[in-house]
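There are 2 protein chains.
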Amino acid sequence: MSQKGILAVVSGFSGAGKGTLMKELLKQHADQYALSISATTRSPRVGEEHGREYFFVSKEEFEEMIGQDALIEHACYVGNYYGTPKSYVLEQMEAGRDVILEIEIQGALNVKKKFPDTLLLFVTPPSAGELERRLRGRGTETEDVIRDRLKRAVEEAEYMDQYDYILVNDDLDACVASMHELIQSQHGKTSQNLEFIAEMKQELKQL
Amino acid sequence: MSQKGILAVVSGFSGAGKGTLMKELLKQHADQYALSISATTRSPRVGEEHGREYFFVSKEEFEEMIGQDALIEHACYVGNYYGTPKSYVLEQMEAGRDVILEIEIQGALNVKKKFPDTLLLFVTPPSAGELERRLRGRGTETEDVIRDRLKRAVEEAEYMDQYDYILVNDDLDACVASMHELIQSQHGKTSQNLEFIAEMKQELKQL
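For the record, the sequence lines run as chains A and B.
Read in order, the letters of the first sequence correspond to residues 784 to 990 in my numbering.
Read in order, the letters of the second sequence correspond to residues 784 to 990 in my numbering.
Isolated chain A (complex conformation) (with noise of 0.2 Å):
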């Protein structure tokens, strides 16, 4: 089977648990998996290290990757620039792992059309009145954020449809698994195995 990695861009609502989705699925396959590392503009929050979280990098650097083609997507979401490195992914693809983007759907769909054999996956949880009590569970955010995530949740709701697969997150273990199966499911993908399949086309005339 296919020895070159997957590229898979993991989007969903907020509160729809990707972090924690993201991170147990790393920690269980961690030889399998890169995790991408955006680049961003936006200033880093408390706790937040540069290289862990974010590349934070001043307006000046990031336009100077945009001209030199550095970035898989970029996208600009309240005032600030958003962007894949491209190295990064494309080394680790060839090593053969698999990439893992969580990344805003604007450049979800940028890095799809870019590379169509990306595999776009929604995480959402079960029914919309799961994510609210997801979001007021917390206990951290103020009412307004809440309403805000909320009102921001029916927006992206709308590009579902343009996504591979819809990941339900009811359980996490069994979401894990899910998620698991089935990038690793990819790798049998038609499109990632022409090598092979041009062989066995040339060893069968051989016979």
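Hints were generated in silico from the structure; no laboratory data involved.
Be a bit skeptical, because a hint or two may be false.
Pairs count within a copy or across copies, as identical chains cannot be separated in the list.
Simulated crosslink set (SDA-like; lysine to any residue; CA at most 20 Å straight-line) [said to hold, decoys possible]: (1) Lys896 x Lys972; (2) Lys934 x Gly912; (3) Lys972 x Phe898; (4) Lys801 x Leu818; (5) Lys801 x Thr923; (6) Lys972 x Val894; (7) Lys988 x Glu939; (8) Lys895 x Thr973; (9) Lys972 x Ile888; (10) Lys972 x Pro909.
Since the model is a prediction, treat every value here as computed from it, not as a measurement.
Since the structure of chain A is already known, use the hints to place chain B on it.
Leaving out everything else, chain B in the frame of chain A:
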């Protein structure tokens, strides 16, 4: 997630181990899968039973089925008709069972045309050399039959690219597991979850 069954079509080289694979998959997950039985006008071979290997019908009966649009697909192969009865497949899918058709390439591509959501799987040994070894290893076929199957494999390989996934049958248990995971992961496909997405959009707006 989607409660509707998946339609999976399995094709592959003679000698790839499709038969054993399907038998094992159905044994391990009897509740989940339904194997569609084809209708054919060819004569039953020793040990074959009507309704188990095939529905053996006359040419007139088969053509009546075509006329009544009672077949998902049909093809003519070595002078005999082969086809997939529609009602069984649709009933099983409605009941939430994943239906597997083991059919020839021509039929497989016809099913995909009619039902674009069909999962097309092509089963192959890890190499052409291994295919030959397996065909010879059976020890039951004449050299002519073996040459004929290898010649057919050359022709069939030309269509591998048109399948969705390539399943390399190297280790039986691993291949059964991959096949199961692959088919199950299709329940998360966006096209299988349009109702869920529509409900989610609706509910989010009402929060």
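At most 20 Å between C-alpha atoms: does Lys972 with Ile888 qualify within a copy, between copies, both, or neither?
-> For Lys972 and Ile888, only the inter-copy Cα distance (17 Å) is at most 20 Å; the intra-copy one is 24 Å.
Evaluate Lys972 and Val894 at a C-alpha cut-off of 20 Å and name the case that applies: within, between, both or neither.
-> So Lys972 and Val894 pass the 20 Å test inside a copy (18 Å) and across (19 Å) alike.
Between Lys895 and Thr973, at a C-alpha cutoff of 20 Å, which is it: within one copy, between copies, both, or neither?
-> Answer is both: 17 Å inside a copy and 15 Å across each meet the 20 Å cutoff.
From the Cα coordinates, with 20 Å as the cut-off, is the pair Lys801 and Thr923 best called within, between, both, or neither?
-> within (18 Å within a copy, 55 Å between copies)
With 20 Å as the alpha-carbon cut-off, assign the pair Lys972 and Phe898 to within, between, both or neither.
-> both (14 Å within a copy, 19 Å between copies)
Given identical chains, is Lys972 near Pro909, meaning Cα to Cα at most 20 Å, within a copy, between copies, both, or neither?
-> between (28 Å within a copy, 15 Å between copies)
Can you tell me if Lys896 and Lys972 fall within 20 Å by alpha carbon in one copy, between copies, both or neither?
-> Both: 18 Å inside a copy, 19 Å across copies.
Could you place Lys934 and Gly912 in one of the four classes (within, between, both, neither) given a Cα distance threshold of 20 Å?
-> within (14 Å within a copy, 59 Å between copies)
At most 20 Å between C-alpha atoms: does Lys988 with Glu939 qualify within a copy, between copies, both, or neither?
-> between (51 Å within a copy, 12 Å between copies)
Give the relationship of Lys801 and Leu818 under a CA distance limit of 20 Å: within one copy only, between copies only, both, or neither.
-> Intra 13 Å, inter 37 Å, cutoff 20 Å: intra-copy only.
Hint compliance for this structure: every hint is met.
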